[in-house]
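Q: In the order they appear, the protein sequences are chains Z and X.
For the first sequence, this note's numbering assigns the number 187 to the last residue and increments by one with no breaks.
For the second sequence, this note's numbering assigns the number 258 to the last residue and increments by one with no breaks.
Keep in mind that the hints were calculated from the coordinates and are not lab data.
Glycine residues also receive a C-beta, built at the ideal position from the N, C-alpha and C atoms.
Keep in mind that a hint or two might mislead.
[Unchecked claim] Simulated coverage check for chain X against chain Z, where a stretch passes if three residues somewhere in it have a Cβ under 8 Å from a Cβ of chain Z: (1) 15 to 21; (2) 40 to 46; (3) 60 to 66.
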Amino acid sequence: MNESILERIASGDQAAVAQCLDRYGGLVWSVARSWSDNAADAEDATQEIFIALWKSAARYNPSVGSEAVFISTIARRRMIDRLRSKGRRPSTEEFDESVMFELADSAPDQGMVAAEAAIAVRAVAQLEAGQQQVLMMGVVQGMTHSEIATVTGKPLGTVKTQLRRGLIRVRELIEQGADSADLKGAD
Amino acid sequence: MTSDRLNDLLTQRATEAPAETEQSELDELLRGRPDVDADAFDRAAAAVHLAVLPRGEFLPAALRKTLEDDAARYFNSDPDVASDANVVQLGRPAPTARTAHYWPWLATAAALLLAITGWWPGFEPSTLTLPEQRAALIEQGASRVGWTATDDPSATNASGDVVWSQNNQEGFMLFRGLLSNEPSSFQYQLWIFDADRDERFPVDGGVFDIQPGADEVIIPVRPNIPVGQAVLFAVTVEVPGGVVVSDRERIAVVAELG
Numbered sequence: 001m002n003e004s005i006l007e008r009i010a011s012g013d014q015a016a017v018a019q020c021l022d023r024y025g026g027l028v029w030s031v032a033r034s035w036s037d038n039a040a041d042a043e044d045a046t047q048e049i050f051i052a053l054w055k056s057a058a059r060y061n062p063s064v065g066s067e068a069v070f071i072s073t074i075a076r077r078r079m080i081d082r083l084r085s086k087g088r089r090p091s092t093e094e095f096d097e098s099v100m101f102e103l104a105d106s107a108p109d110q111g112m113v114a115a116e117a118a119i120a121v122r123a124v125a126q127l128e129a130g131q132q133q134v135l136m137m138g139v140v141q142g143m144t145h146s147e148i149a150t151v152t153g154k155p156l157g158t159v160k161t162q163l164r165r166g167l168i169r170v171r172e173l174i175e176q177g178a179d180s181a182d183l184k185g186a187d
Numbered sequence: 001m002t003s004d005r006l007n008d009l010l011t012q013r014a015t016e017a018p019a020e021t022e023q024s025e026l027d028e029l030l031r032g033r034p035d036v037d038a039d040a041f042d043r044a045a046a047a048v049h050l051a052v053l054p055r056g057e058f059l060p061a062a063l064r065k066t067l068e069d070d071a072a073r074y075f076n077s078d079p080d081v082a083s084d085a086n087v088v089q090l091g092r093p094a095p096t097a098r099t100a101h102y103w104p105w106l107a108t109a110a111a112l113l114l115a116i117t118g119w120w121p122g123f124e125p126s127t128l129t130l131p132e133q134r135a136a137l138i139e140q141g142a143s144r145v146g147w148t149a150t151d152d153p154s155a156t157n158a159s160g161d162v163v164w165s166q167n168n169q170e171g172f173m174l175f176r177g178l179l180s181n182e183p184s185s186f187q188y189q190l191w192i193f194d195a196d197r198d199e200r201f202p203v204d205g206g207v208f209d210i211q212p213g214a215d216e217v218i219i220p221v222r223p224n225i226p227v228g229q230a231v232l233f234a235v236t237v238e239v240p241g242g243v244v245v246s247d248r249e250r251i252a253v254v255a256e257l258g
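Produce the complete structure using the sequences and hints provided.
A: Structure below.
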């Protein structure tokens with residue numbers, strides 16, 4: 001079995017860096033832009049994320065998820081820390097009770113992105129509209145639980161519960177999907 | 001079975017940074033539960049996020065070059081690049097509590113730029129004035145459409161136009177007669193409706209102010225997320241700082257691209 005890009009990076013193969021940027025650069029840039037106030041901030045964040053990724057590459061375990069999800073996890077964690085340290089909210093878009101997830105198109109070489117994303121969409125689609133809205137705000141918008149409670153008028157405890165249950169459902173479906181389809185590795 | 005409290009804290013970590021005390025509690029709970037997959041919630045959140053990311057994003061060429069340079073320095077053990085500041089904690093808790101080393105100068109610089117420009121810094125520094133930048137964008141073939149004022153009191157005498165370059169992902173709003181605002185009282189907020197997105201989710205273009213006494217005001221438009229195909233620009237009147245969700249009760253002006 002061929003080594004994944006991250007496994008090659010972890011072993012010090014610098015040639016894999018370019019491949020990583022080719023395949024996942026747009027993904028990281030997209031996450032950074034969506035949670036940054038401006039382009040300069042997004043560029044700094046992207047730099048931080050990739051340095052963190054080089055450092056964390058050795059922790060990638062292809063048996064529990066794809067590279068895309070691992071890299072997204074790194075990117076999200078970094079952005080969440082940045083948002084908290086700056087004490088500000090991320091980008092804002094408008095939502096209503098009928099918000100539904102739609103699968104974004106993926107680039108041709110991002111098949112694994114599409115696979116796990118499709119599972120996530122299926123999982124979210126099973127949630128009731130209010131839960132979907134909360135999940136969208138908490139996961140995609142980067143809003144804090146308190147902000148979600150304020151915007152939706154729901155009790156903070158309800159927001160936390162809906163987020164927890166939503167993520168558990170997504171996790172369960174991804175695990176089931178991993179049993180029936182190969183989500184492991186990106187090469 | 002994983003406790004609800006542990007799941008709550010893992011959910012919190014996957015969606016917002018826990019406070020110090022909660023992080024400590026999470027670390028302690030995880031130490032007592034070696035069977036728990038500590039990153040499962042993060043992966044679920046990442047999968048959901050992946051599902052809604054905009055399509056066809058590519059790194060800007062200059063940024064890509066910077067990232068390649070960063071990587072070269074990292075792999076050559078440059079201490080500035082290889083500092084612990086960039087370690088993302090995954091998996092089991094570290095023996096000691098997390099210590100965040102952020103780049104405080106970034107926040108300072110961003111705040112300074114915001115104070116100077118009153119708006120977001122551009123993708124690239126420009127020595128041109130705003131009218132010159134706007135004229136240059138028009139010369140490059142950017143779309144240009146006039147504002148349509150609503151009956152909102154702020155827009156009684158409002159006119160002007162919006163210039164938008166899809167390729168550059170930037171533009172300029174020009175206003176004449178839009179009511180000046182006291183920022184501590186209310187602010188204007190731009191929303192960009194994107195044909196590639198659900199119309200319920202316009203892109204937040206940020207807040208801006210109209211200074212009193214100005215005959216003509218030009219405001220740069222540089223959205224913080226990609227706009228696939230801008231079809232409508234709308235300016236609403238909002239509370240200071242802008243809003244997460246606009247009730248659209250006070251729409252000042254709109255401009256529909258043909």
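Q: Hints first: check each against the structure and report whether it holds.
A: Hint by hint, here is what the structure shows:
1. 15 to 21: Held - the segment 15 to 21 of chain X has 3 residues with a Cβ nearer than 8 Å to chain Z, which meets the minimum of three.
2. 40 to 46: Holds: 7 residues of the segment 40 to 46 of chain X have a Cβ under 8 Å from chain Z.
3. 60 to 66: holds (count 4)
Checked against the numbered hints given earlier, this structure breaks none of them.
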